[in-house]
Each structure stands twice: as structure tokens, then as C-alpha cells.
Amino acid sequence: MLGIFERFKRGLQKTATVVTRHIQAVFKGDRLWTPADFDELEMVLIQADMGVTAASEITRHIRDRYQRGIIHTTDDILRVATEDIQRILEGDGMPAMAWAPQPPTIILLTGVNGSGKTTTAAKLANRWRDEGRQVMLAACDTFRAAAIDQLKVWGARLDVPVIAHHHGADAAAVAFDAATAARQRRADVLLVDTAGRQHTRKTLMDELGKIKRTLEKACPGAPHENWLVVDASIGTNAISQAREFGKIVPVTGLVLTKLDGTGKGGAVVAIRRELGHPVRFVGLGEAQDDLQPFDPTAFAKAIFER
Amino acid sequence: MFDRLSERFQTVFRNLTGRGTLTESNVEDAMRDVRRALLEADVHYKVAKDFVDQVRVECLGEKVLKNVAPGQMAVKIVHDHLVQLLGEANVPLNLEAKPAVIMLIGLHGSGKTTTAAKLAHFLRGKLHKKILLAACDLKRPAAIDQLEALGRELSIPVFSNKGTQDVVAVAEAARNQALGQGYDVLILDTAGRLQVDTDLVQELVAVRDRVQPHEILLVADAALGQQAVSVAEHFNQALAITGIILTKLDGDARGGAALSIRQVTGRPIKFTGVGERIPDLEAFHPDRLASRILGMGDIVSLVEKASEQFEEEEAKKLEAKMLANKFDFEDFQSQLGKIRKMGGILSLMDMFPGARQMKEQISLDERQFHRIEGIINGMTLAERRKPELLNASRRRRVATGSGVPLLEVNQLVKRFEMMRDMMASIGKMSGGKHPQMAGGMPGQLPGQQAQQQQPPAFRGRQPNPIMMKIRARGR
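Quick mapping for you: the protein sequence lines, in order, are chains A and B. Residues 1 to 306 in this note's numbering are what the first sequence lists, from first letter to last. Residues 1001 to 1475 in this note's numbering are what the second sequence lists, from first letter to last.
Worth flagging that the hints you see were computed from the coordinates, not collected in a lab. Heads up, the beta-carbon is just placed ideally off N, CA and C, and yes, glycines get one too. Any given hint could be a false lead.
Claimed, not checked - A short list of chain B residues far from chain A (calculated; beta carbon distances all over 10 Å): (1) T1021; (2) D1050; (3) Q1054; (4) I1077; (5) E1088; (6) R1140; (7) P1157; (8) L1179; (9) Q1181; (10) Q1226; (11) N1236; (12) D1252; (13) N1325; (14) T1380; (15) N1410.
To be verified - Quick list of simulated restraints, FRET-style, between CB atoms: (16) A:E274 / B:A1089: 36 to 44 Å; (17) A:K217 / B:A1240: 48 to 56 Å; (18) A:T203 / B:A1097: 26 to 34 Å; (19) A:G91 / B:E1330: 55 to 63 Å; (20) A:H61 / B:D1080: 32 to 40 Å.
The following block holds chain B by itself, in its conformation from the complex (with noise of 0.2 Å):
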């Protein structure tokens, strides 16, 4: 997500940051090219003017202009406003009473459902609570058995009642039995509703004034275009939300709507929907998402998925093994599948600085892995070990058993002994330095079809995940 407005922002830096001085017509310029950036976004056109005033006031300030990088100044100077126009921290939901009641509201079809059964699974998951869904949408036909199956999927109960119209009851009944089952947390899913309709509004008022929510929650589709305002303003005034859950960031749209509805209700985005299935919930980090617009890589969450991956031990084990040129195709195998638990490899990149372009250049397919980890399964446990093993009798049997060409196979074997032996090089070079070769991370992948060139975005020194984790807990 805000892929392409991370790739315009970059451009426009580009011009600044090469410059020696700043005038006034090319911060002008500059703040012209970020207003529209944003506007493509889709942000709302009076937050959008907002912010470039405010931007523009700052970067023609003496600090700036005089400044020995300017064109950097003003770089950090829009980093900053982002991150204030985002919030500075993740903010994490209100849990402490119990049952803690969390309602869900938005528009039709912005994932309430879906968002409903997501955060009922993080919340069991990361903070092992006990957890009631309740199905308060009697509108949309099958709701409830939308709810319910989910519930049953995450063998997490759902309270329902088929046998009515009256929500607020219905709410309430719920949070009786939260109350008298000791559950940690109930989930309110309501019935998708337009803001202007001050009827259904009313209804979420009574539910929200009987069952007293400690978090009553926005759930608002990331691709929103200018309505986000309108959507945020009249639900915050009805209700007095409390948070935002941005959903649908899997797709491409700019995320503009995350900056409108953060800017004109104050509240904070809580958590993000990044893909279909039910883990696909992240809570969301203002501060790293405004590196990531601006293109500088979100590291931080990069290690942190890394590190729900990596064992230590196993890290440091495998960090020995690819010193000694001893790296072979179980832990490849390993590292791939690991790779796809944190969500795949296209979603990992867009947390390296400068990787946009690399995607790009490489046209990255998930399913490329695939093949690799099907050539891989169709090895002997003993070839994988010992790649040495494999000789032109193996590798056809291998190329008939996983069903790819004989060639593939003959790549990703010459590409992994190439990968192997660079990985030991940069060992030998004491570390470090071009991580980007080692552990299967982006780069240069084995059985990647054509010889890629290195992309010139990766500045300074950017460890891999087991590098990293390595660094981190040895400090």
C-alpha cells in the first residue's frame, strides 16, 4: 500500500535532495508536486491543502534554506508532518475491563465481518484472551452465518439470536453472557450502514448507550476516496469512536482515506487489514508507515516479523552453517517456508528501503517459490544435505518428480552453490555488508530466471532478518 504515493514522494525528493540550495520556487514547486501526490492518493483535498501549508511554512523557515542539505531538511520536514498527521505510536486498545466490549461500525462492505473474526483471532493469539463474538448485523442476509462460520473456523463461540430485529437486545444479551462466562472480550459486529443515515445511526447510538463499549472501532476501506471525511466526521460525531481499523491494504489503493480520517476525527488507527485470510491483521505503527511512504524501508516491523520466525538459536546455527559454506537445501527449504509465514515475500520487501524499485525489476511471482520449493521437495532428504550429491542421473529425477524442466532444476542448483559460496565470501569479509545475498532474502534468489542486476537502492548496511535478530540480542 501507499505504494505509489511512496513512489512520487521519492521523486519529488529527488530533485530537492540534490540541490545545494533551496529557493523559494523550488519548494514551491516541491509543495505543488506533494500536494497532488497526495490528492492522487486520494487524501481529502482540504487535509491535503492543510498539510502543504503547513510544509511549506516550515521549509522556507531560515533553519532550511541555510541548512548544509537542505533538500534532506525538507525530507525529514515531511517525514515528520506525516508521522504527526498519523499519530506518533501505536496505540493499543483499551482491554482492561471485563468482558472489555469493542464494537465494530462502518459503511457496507468495509469488512466488519471479516475484521470482527481477524481481531478475535490476534487478540487470543497475542494476548490470550478469552474472546465472545456476537452477530449484531440482522440485516445483510447470511450475516450471522458469515459470523458463525468464522467462529467455528477459530473454535471461537459467537453469540447469535436469528429470532429478532432488535439489535440493542440482542447487544446487550451478549454482553450478559460475556459478563456471567468471564470472556475477556466481546466483539460487536453491526450491520454495514451509511453515515447520513441518521436512522441506523440512531441504532448504533441505543447499542453503543446500553452495552456502554469500552472501544467502539471504524472499520473503513483503505481505498476510501474523498467521502472518508464525510464517513469519519458523521460516525465520530454520532458515536465518539475510538479508533480506526483500516482494511483492505493488500490492494493497491494509496491510503489517502488513513490520512483524511486520522486528520479530521483525531483518532487513532488501531490496527490494519493486509490480506484475506483470518491472521492477516497487523496493529498498525504510524511512525514506521511514514518511513514506508516515504520510501525509507519500515525495518523495525521487518525485524519484528523476522523474530516471530526465528529462534535464536536456530538463527545462530544458521549463521555458523552459511559461514562455513555449509548452507544447504533443508535450511533453503526452511527459510522459504519461513518466509511465507510472515506473510511472503512480495509483503517483506515493501518494508526494505528502496525495494519498490527491485519488485520491479524483478518481477517477483510467490508462486516462483513454489517451483523452488517443489524442486526442492522432490530431492532425497540426503541431496538436500549434500548438494554435491546431485548429478545428472538425481537432478532428471528430481525434474520428473516435482514435474518442472530439467533446466530449472540445473538452475536452482547452480544458483544456490553461487549463493552458498557468495554467502561465504561476505563471511569471510566479516559480515554485513551485502546481506541482501544471504538467506534466501531478496537479491539474487536461486532459480530466479534471469541474472538481475543489483539494485542501487539498498543505502547502507541493511542486515537480513537472522543477521538482525542476531545483532539485536546479542547488544
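Same shape as in the complex, but just chain A (with noise of 0.2 Å):
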């Protein structure tokens, strides 16, 4: 198996060599930088889709810098830009992940429509179920056609119990039913489903809201944590999601998948920054085990490799 590095710069590979391609094309030789140069150097970031306000601030840093004589080179660009991403992304620190002291813990997966939800959970049930902890899945998606079929698939290939009632059910009702039976099954870890729905559609958001309460009817204290599930192909919008989702449900962390795409999923930076939900996991690959850990150096690093 891969490195986690490794698997980061391949997923990463296509977009760090245009990134690179383009700031050293930029600042090529040793003549001054003009504000063009600053200019074209925030159009890099913002093509990573940061956002145009993460891309000025770290321009404006490495401009800083450059006139104060601190920074000369191109070198010099690439560590100082990876750098602040990296300093971004780590915020105060990863906050460890909440285990619940009394199982099971539950975990909530919400984000838009065609996010990557039903896969990202049946990779983490894979992920957990692997470190040898007892997982089941609720699937609490009973609006979109055959997505409880999509996550009963998955939970057959990777011999875990998906608790489902049918297609248009309530799902605040399977939540319910899914968590009373993770505890009566003494289950460590419950990953709830839901389905996908755009954050302006107040209805929708209302409808997880009631989930979340359910939950905590059913199990006190959980979720214990709610994650958003964010497509790195999708660009500034998902700072966006990530507001209005956690309106409803404080965000405790993201998982940004389809990363081995070309989308760089740099609004994470930008989500990091405004907003402070930390990445949890990224999703590299379709396959089952293609999600990893989130490592900000790495994926800072990655980002700028040559």
C-alpha cells in the first residue's frame, strides 16, 4: 500500500505540476517582481479554488516579505505560499476525534447532492471495520431512488448491518431506529447517511435537524460528530455548504472527496480559514480503501510539489 504522501501526490500530481508550471513561469530569471507578477501569482491560487480572499491574503503575505527582503527566489515563493496554506489548514491544531466514552459513537455524514456521501461512509465502515471495531450504517438517505439499495450493497460487500426502513420513510425514523439498535447491539461506531440536499432549501435543512434531535433522543450525546462530505471539484460554493450545513448541525470536521479528480478542493483552505471545520479524511480513488487520513503538510506540500 501506498504511502499516505505518495497516494496525496498522485492524487494531487496533475494540478501541483500546472500550479508549479505556472509560478515558475512567472517568476522566471532573476528580474523584480511587479504587481503583475503578484497579480498572476493570485490567479495560481485562485485556480486551486481557494477563493479570491484566501489567494490575496497569501499573496499579500508573500509580497509582504518580498519587499522587506526576506524572500528572493521562486523557491522562496513555493515555500512561503505552502507554508501559509499549511499554517491555514492546521488552524489551532487537529482536534483529535470523539470517540464517544460510551458507545457507540455516531457519526453524521450530510452535504449536497452527489457529494460522495453513501461512499464515503461505506469507506469509513470499511476503514473501522478493518481496525477490528463493530460498524453499522443507518441509511438515513429515503429520498433519492435506490440510495438505501446503494448502501445495502455496500454494507453486504463489507459484511456490516445496514439498518433501513423503505424508500421515502422518515429518516429522522431510521436515525432513531439505527441508533437504538447500535447500542443494543453494543456497536462502537454508527455512520448515518443522509441524503443529499442543497443548504438553501430550508425544508431539507429542517428535516436534519430532526435527525440530529433524534439522535440525541435516542443516544444522549450524539451525534458525536457531524461531518460534511465536500467534492474537491467543487469550487468556492462549498464554503458556502459548509456555512449554512452547520447552522443546523455544528460541523466537526470535513471529508473532502474525488480528490484523485482534478479538482484540488482548495476551498478546504479557504472553509479552514473562515469557518475553522478541519478535514478528517479525503477520498483518493473509488475503490473501497482509497480514503485516507487528512494531513495538512501533506496536502500543502502536494499542492506545490515540483
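Using the hints, build the complex out of the two chains.
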């Protein structure tokens, strides 16, 4: 199995080359850097979907150091930019995952449609099952046709029990049953897969609040974690998603999916910066073991890896 | 969608239009803001740059600087360029062949399966086509079940073969069945894949070569970031796509991806997905969207939607009733129902010029309408037809029956009466000047909690759908 860093690098390779090539093209030779060059650098960062604000800040930071004579070369730029991104991603340190003192630990997976919640649920189940934990899945996406079947297929593949009702059932009722079952069967972890919803749809967001409250009722302290699943190819709208989902159920972490594509997921930098949500895991492929813990250093490095 | 982009543009233009003369530095400032607005909307940086460069050149031209209202001129230039970028008019699907084969492709989670069902429903309902859906996503667990479930819901047949991994064979068999059984349209739902995954993209090429689809539509998430360009370019190079379907526009994505994809492929956006429900698919009209981005509203779409719901006869009757001060709760109730069928008040408001500010001021909640409907449902038929009947005791009964405080019933009745009087007086003033008061359209709704300030943004005449309809037919 490849090391985490290798996986990151492989996932990010395409984009890293593009970014690095850009920066080198911009700052080639020994000539003095002009404001236009710095604009160009900012564009490079924007292209990583970091958003205009974060990109501007990083650029300003680099320009300041340049003007004060602290940095001089293209290598310096890459280093400073990497450090900045890493610093933002690390924030006040990565809080440890909140395993419930009394199992089960209940983890709610939320996100917009098509972000990869069901697949992430399966990958997480696979990961923790391999670690010897007893995992259960709750099929609370009762809206999308065959979403329950999709999770059940994964459950059968991974040999993990799936608690489900029928299509169109009340998602909160499924959550309640699943939480109760997880307690009774003394499961270590319950992963709650929810329906994708646009964060702008009030009624759907309210439904999410209901699921959360139901979990709380069935199992005090639950959900112990609420992870927002974010697609790496999505642009700065991810920030808005994180903000709105967080209003309903406080977000305790992000899962960045589809990072093996060309999307760099730079939006997580902006999210960490503005909202403080740390990235927990990254999805790097379609296979069930293509999920890795997030490593800010590797992420930042891989973006600027030559 | 495009809300915030639109908001940013409006700020830029407010600064511009207020000026009697434009200097180069005004234009320069405005262009910087426009570029930033585009970038914040996730427009690809190169597309944004080209856009601004072109607009700048024109804005600095003689025609603009010497124009009596240079700011307005600049707005027009941006609008024209947006239209140009988005494409002029709606490009319909090529459905001449029988069966016309439509292949949907895209990244994981872009919404292909849902879109397949929506498109089937759209083509059957609007164009009366006989549709066959084909489940060619053999990869994602239960993807076939998903399409089959949607097909059952719609009573549209789904071709599938769960026993194979050979996508090309499934597609070909589906086409043969469509051909043999006289279907008008065959829609192929394919598995999501990365645009840079050569093997999987080649699989699509093989499908294309075998079944020769008439339309290859790229299904793309409206919230795509800077990668939109790469996605569109790769898929287009490999498959020569014929159009784009933009999904999840009911979110608040600023839609820059739409501009980017359009620009790099030159292919038209043909449909947009605007909600979770099956009917939430709309033909895309670039010219109207450009107006919406610039906050000029989209009256044409509004009228179209309205005319789907309001019959001419009915509209005439309604207008007569309004003018005679006889508009009653029953009419009101039926209008509320129609608004809901048109996609809800919020989506309608997006089409009004300047409605954005209004939306913020009055913080509309669709559920408020449900409450109002609930209260009306609690009235007897006689009460609905004759609101005067609603004395204290009847109101108490309605409140109990509909489970709301008495105060809310009182407010509804009071505001309803106010609205009715207002409509009648507008009629006397020969109509059309304050039409936002009429017919349960935005503005003052009965039951709205607080007295709202009238939005300043209603410029000129923007008649309500019923009035518009009457006028349109009367011409």
C-alpha cells in the first residue's frame, strides 16, 4: 500500500504540475517582481479554488516578505505559499476525533447532492471494520431512489449491518432505530448516511435538524461527530455549504472526496480559514480503501510539489 | 442562482450608471470589480480575463465615453457580452431521428441518473415523445435500481441488464430495443467518471461509436470550481459533446462554471436542473439568464410559467372580480396553489427585476404560505366566498381548526381585506401601476407578519402574471 504522502501526491499530481509550472513561468529569471506578477500568482491560487479572499491574503503575505527583502527566489515563493496553506489548514491544531466515552460513537454524514456521502460511509465503515471496530450503517437517505439499495450493497460487500426502512420513510425514524439498534448491539460506530440536500432548501435543512435531535434522543450526546462531505471539484460554493450546514448541525469536520480528480479542493483552505472546520479524511479513488486521514502538511506540499 | 454574481454586478453598475461622464479610471475600477465578481463566482480565471479585456476595450471606445449616459451604455455592453458568452437563444435537442439517442455523461455525482429521469419526463410531457431509458451505469452500486425506481415512478420503461459489465453491449441492446419497439427517444445513463481517466473515457467513446448518439450531453454540477474548464475540455475533446445540462441550480452556487464550460466548449447549455423533484428541469434560455445575472429580471420566463398555469378565461374572470372588489379567499387559495405549481414564490421572485433586495427585506418562507393555505382550508366554502361572514366566533373556530393562534387568522383576514381594497382601487386608477399588490404576488401578502417597506427596485411597469397574460393574449 502506498504511503499517505504518495497517495496525496498521486492524487494531486496533475494539478501540482500545473500550479508549479505557472509559478515558475511567472517568476522566471532574476528580474524584479512586478505588481502584475503578483496578480498572476494570485490567479494561480484562485485556480486552486481557494477563493479570492484566501488567495489575496496568501499573495499579500508573499509580497510583504518580498518587499521587506526576506524572500528572493521562486523557491522562496513556493515555500512561503506552502507554509501559509499549511498554517491555515492546521489552524489551532487538529482536534482529535470525539470517540464517545460510551459506545456507540455516532457520526452523521451530511452534504449536498452527489458529494459522495454514501460512498464515504462505506469507505469509513471499511476502514474502521479493518481496525477491528464493530461498525453499523444507517440508511437515512430515504429520498433518492435506490440510495438504500446502494448502501445495502456496500453493507453486504463489507459485511457490515445496515439499518434501513423503505424508500420515502421518515429519515429521522430510521436514525432513531439505527441509534437504538447500535446501542443494543453494542456497536462501536454508527455511520449515518443522509440524503443529499442543497443548503439553500430550508425544509430539507430542517429535516436534517430533526435527524440530529432524534439521534440525541436515542443516544444522549449523539451525534458525536458531524462531518460535511465536500466534493473536491466544487468551487468556492463549498464555503457557503459549510456555513449553512453548520447552522443546522455544528460541523466537526470535513471529508474531502474525489481528490483523485483534477479538483484540488482548495476550498477547504478557505473553509478552515473562515469557519475553522478541519478536514478529517480525503477520498482518493473509487475503491473502498481509497480513503485516507487528512494530512495538512502533505496536502500543502503536494499542491506545490515540483 | 447567480444571485451573488448579480448582486456584485449591480454594485459595480450603480457606481457607473450614476455618472454623467466616464473616465478611463472609472472604467478601470469597474472592470477590476467585474473581474473579481466573476472570479468569486468561480468563473475560470482565463475566461474572466478574456471577458473583462473585451468589455474594457468596448467601454473605452468613443461610443461609450461620448454617450449621454455612458454608465448605461457600459451595462449594456456587459449584458451583450454575457449573452454572447452564454449563447444567444435556447438550442433545442436534435430529436429528428427515430429513435433519437441521447447519451448523458459526466463526473461522479453530477446528477446524471436524476437528470435522465427528469429529461424523460420533460420530453414525454412537453413533446409527447415515447421514451426508453437505458441503465448504462454498471459501476455504482444500485445505480440500475435507482434508474429503475425512477422509471417505475414515471411509468417510463427502463432497459437494463444486471448480468454484464459490458457497457457497449448494454447500450447497443437498448438501442435495438428502442428501434424495434418504436420508441422516439432513447436516453442512456452512464457511470460517472473522471475526465482524465483515459480508460473510462475510452469506454464512452466505444459506446458512442457503437450506438451513434444524436446528442451527447455533459451533465455538470453548477457549483463546479475552476476544474469546470478541464472537465469540459477533456470530455469535449474525447467525445465531441453536443450540449450541456447544468444541475443543482437550486443551490446558491454563483454559476461561474456555466460561463466557463460554455466558453471553452462553445456548446450550448440546453437544460438546467433546478430542484430535487422530477419536474424540476428547465430548458435553458441564455438571453434571459444574462438579464437575471445583471439583476434585470426575467419577465419572459415568468410570463411563460404563468401562462402554463393560468387559463385566459379564468384570468379574465379573476381580473373582473378584483376590479369589482369581489376577489375572495377561494380565488386566493387557487392562486396560492398555482404559485406553488410554478415552483414556489421564491423561484418566481428570482425572475422579478430587483426582487433580490426585496427577498432579503421580507425574508419569505415558503411555509408561511402553507400556514395561510391551512387557515383558508379551515374556513367553510361560504366563508371563503364571503370573507365578511368571518365574525369573531367563526374566526375562533378557524383558528382552532387550523391550529394557529387567533391573532394569525385576524391578521390574514385584515390584510386580505386591505389587499382586496387596494386591487379594486388600482383597477379604478386603470391598472398596472402598482401591480405587485395584485393577485397574491409578491409585495404585500396577507398574513405577512410585519408591515414591509415597499422595495424601491420595481422600476417601471411589471404587471403580475395574470395581467400580463391578458395583455399578451389581447394583442
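Status of each hint after checking the structure:
no. : hint                         : verdict
1   : T1021                        : 28 Å, holds
2   : D1050                        : 13 Å, holds
3   : Q1054                        : 18 Å, holds
4   : I1077                        : 23 Å, holds
5   : E1088                        : 26 Å, holds
6   : R1140                        : 7 Å, violated
7   : P1157                        : 16 Å, holds
8   : L1179                        : 27 Å, holds
9   : Q1181                        : 24 Å, holds
10  : Q1226                        : 5 Å, violated
11  : N1236                        : 15 Å, holds
12  : D1252                        : 5 Å, violated
13  : N1325                        : 35 Å, holds
14  : T1380                        : 29 Å, holds
15  : N1410                        : 26 Å, holds
16  : A:E274 / B:A1089: 36 to 44 Å : 40 Å, holds
17  : A:K217 / B:A1240: 48 to 56 Å : 55 Å, holds
18  : A:T203 / B:A1097: 26 to 34 Å : 42 Å, violated
19  : A:G91 / B:E1330: 55 to 63 Å  : 58 Å, holds
20  : A:H61 / B:D1080: 32 to 40 Å  : 39 Å, holds
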